[in-house]
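Same order as they appear, the protein sequences are chains A and B. Counting with this note's numbering, you get residues 1 to 253 for the letters of the first sequence. Counting with this note's numbering, you get residues 1 to 288 for the letters of the second sequence.
The set of hints was computed from the structure by calculation and includes no laboratory data.
Taking lysine-lysine and the DSS-like style, the derived pairs with C-alpha atoms no more than 27 Å apart in a straight line are:
hint	chain 1	residue 1	chain 2	residue 2
1	A	K187	A	K126
2	A	K89	B	K161
3	A	K126	B	K161
4	A	K89	A	K126
5	A	K157	A	K126
If you want a taste of the chain B side facing chain A, the calculated C-beta under 8 Å gives, among others:
hint	residue
6	F164
7	R170
8	A171
9	I178
Don't be surprised by glycine CBs; every beta carbon is placed ideally from N, CA and C.
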Amino acid sequence: MLAVQDLTKQFGGFVAVNRVSFAVEEGEILGLIGPNGSGKSTVFNVVAGTLPLTAGSVRFEGKEIGGLPPDQVCHRGIARTFQIPRPFKRLSLLENVAVSAFYGQNRDISRSRAWEQAEEALALVKLPTEATATVDALGAAGLKKLELARALATQPKLVLADESLGGLDEAEMEQAADMLQDIRRQKGITIIWVEHIMGVLMRVVDRVIVLDHGEKIAEGLPRAVAEDPRVIEVYLGRQGTAAAAAADAARPS
Amino acid sequence: MVFDIYLLEAIINGLLLGGVLALLALGLNLIFGVIDVVWISYAELVMAGMYGVYWLYAFFGVPLVLAALIAIFGVAVLGFLVHYLVISPILGKPPINQLLATGGLLFFLQSFATLLFGVEFRNIGLRLPVIELWDMYFSFARILAFAAALIGMVSLYVFLKRTFMGTAIRAVAQDREIMATMGVNTRQVYLITSAIGGGLAGLAAGLLVLQYDVHPAVGLSFGPITFMICVLGGLGNLLGGFVAAFIMSQFISIGGFYLDLEWGYVIAFVFFIVMMFLRPQGILGRRG
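Using the sequences plus the hints, can you model the full thing?
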């Protein structure tokens, strides 16, 4: 569905992402992990069109999308969430989501259909759908859900979820992970999930890619990646391996 | 103290003046709030609109209302072009560049108007009646201007609240990067916002031409005060600009009543300077 080939992004002389290649199959949940500054969010920004790519190609459903502006990438069916929630505080909760429904993938949508779609997206992430609900009432978990709802309202085929767990407690993390799984199951949406919290992600994803200093150092099933010596060395540490192995063991097969 | 009917007259006249100032501030604030660029030459768009109405009405005999509608459309196109030709190429560059570019546009428009129309003061030659009410006198032109400005502002409010484009404009004003990832073409939003800002200037032009002579430097009579009102209310804050317009107009009107008109402006500007020390972010400002 998405094929990234030799993606490179330079900021001046600094190479943030260096010749990274990977592919995502339809219906898959792909984990993209790595320490801070490893280039995960940069990959997202380039795929979503927020940043122009320096070299390489990004193909979505067989068509080149590398270098397209973000609104056109969205119209092709790719939506993203942001690591730090960026809600429109002076818009109502429903307006926040409705505006992405109206301008999202389906541009022939009617006004009333856009409102319905916004309500559906809010219901999917279990947020209030009343017109009077405000953004101010949301806590950290609620804001993360709003990020997801805004992305879903654009009717995407692929969602780029950026650190959906940051700032959440244990129970909220489990809920968020379940929610991503539900979205894949109910809507058939493909997900690329960036995270640096390991345990919960390893339980949910089908495959993992590990970045370090802008380069791909490992790719494979969660368990195999967690045991890869290079991954352990640069990133996980012994505790992380244990957590990942435990999570993997708990995973329904 | 005895109830002073002339003071009441001054207060009501201040209110009427405030309506037009609020309209001007709304246009400038909308553009700044959404695009983050201050159009220093905003009042020169009003000047262009005033010339438009003047020529259409006084020279070609087009009915006044139609002339005003054509001016609204024409200045909206001008606003669109200002963004397309001047702002768009330097968007994302340091603010000083944008300030200089729109400042340059100010002189360009002034000089161009001088070239085309000369420096004469021109009046559309329409004398609207003065309304007398319990010994108080109100110019009909001012009442008309106030009412039309109010209608313009309410229409904009409804547009921003009730349409998806309006919602997108409000959203882009808060975070320009996010809306693009949700499929909104921000370039288009900027152009539409600029056209609306221009349209508001065109409406103001149609109203001001009833009260003032047109000349190439007429923008300087409204530009600085409009900019000050926006800053006083909190640059980019539509409600703040609305409130500040009525505060400033009362200073001008009441100050002018007790002393004389020029003193009214002096007091208003002193108030502005003092407020900049006390509340530099503006009365309702959110930005630092």
